[in-house]
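Take the sequences, apply the hints, and build the full model.
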Amino acid sequence: MKKKQQKPTKKKDDSALTLKDIINPDLMKQLKDQQEQLKAEEEKRKEQEEQRKREERRLKEKNKSFEELLNESGMNWKDFK
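Sequential numbering from 1 applies to the sequence shown in UniProt numbering.
Derived from the structure by calculation, the hints contain no laboratory data. Among these hints, one or two may not hold up.
With a Cα cut of at most 25 Å, we get these calculated SDA-like pairs of lysine to any residue [what the hints assert, rightly or not]:
| no. | residue 1 | residue 2 |
| --- | --- | --- |
| 1 | K32 | A16 |
| 2 | K60 | D79 |
| 3 | K60 | N76 |
| 4 | K78 | S65 |
| 5 | K32 | L17 |
| 6 | K44 | R57 |
| 7 | K32 | E47 |
| 8 | K32 | E43 |
| 9 | K64 | R45 |
| 10 | K53 | D33 |
Beta-carbon label-pair distances, calculated as ranges [to be verified]:
| no. | residue 1 | residue 2 | range |
| --- | --- | --- | --- |
| 11 | I22 | E49 | 51 to 61 Å |
| 12 | K62 | T18 | 56 to 66 Å |
| 13 | T18 | R54 | 23 to 33 Å |
| 14 | K60 | K39 | 52 to 62 Å |
| 15 | E61 | K29 | 24 to 34 Å |
| 16 | A40 | L19 | 18 to 28 Å |
| 17 | D33 | K62 | 54 to 64 Å |
| 18 | Q35 | L70 | 23 to 33 Å |
| 19 | A40 | K20 | 18 to 28 Å |
| 20 | E47 | P25 | 31 to 41 Å |
Quick caveat: nothing in here was measured; it's all calculated off a predicted structure. Glycine is no exception: its CB is placed at the ideal position from the N, C-alpha and C atoms.
Quick look at the structure:
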């Protein structure tokens with residue numbers, strides 16, 4: 001014969017508790033500060049990467065040869081001969 005499986009019953013008090021209630025407020029503040037710091041570092045890193053790419057594009061554009069500039073031009077130079 002099979003035994004009936006009992007489902008675990010939850011107490012209403014246990015289900016009302018959240019992680020925020022359990023964690024020490026000082027620890028919660030420390031974690032939030034660390035999260036903000038990491039976000040600021042990530043933002044700074046992205047800005048530096050974007051600045052580096054802009055500078056790289058500017059230098060590449062500056063050092064283009066006449067042939068490259070002519071090839072990129074949309075004008076048909078044969079019409080002006």
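Here is what the structure says about each hint:
| no. | hint | in the structure |
| --- | --- | --- |
| 1 | K32 x A16 | holds, 23 Å |
| 2 | K60 x D79 | violated, 29 Å |
| 3 | K60 x N76 | holds, 24 Å |
| 4 | K78 x S65 | holds, 20 Å |
| 5 | K32 x L17 | holds, 20 Å |
| 6 | K44 x R57 | holds, 20 Å |
| 7 | K32 x E47 | holds, 23 Å |
| 8 | K32 x E43 | holds, 17 Å |
| 9 | K64 x R45 | violated, 29 Å |
| 10 | K53 x D33 | violated, 30 Å |
| 11 | I22 x E49: 51 to 61 Å | violated, 39 Å |
| 12 | K62 x T18: 56 to 66 Å | holds, 57 Å |
| 13 | T18 x R54: 23 to 33 Å | violated, 45 Å |
| 14 | K60 x K39: 52 to 62 Å | violated, 32 Å |
| 15 | E61 x K29: 24 to 34 Å | violated, 48 Å |
| 16 | A40 x L19: 18 to 28 Å | holds, 24 Å |
| 17 | D33 x K62: 54 to 64 Å | violated, 43 Å |
| 18 | Q35 x L70: 23 to 33 Å | violated, 52 Å |
| 19 | A40 x K20: 18 to 28 Å | holds, 23 Å |
| 20 | E47 x P25: 31 to 41 Å | holds, 33 Å |
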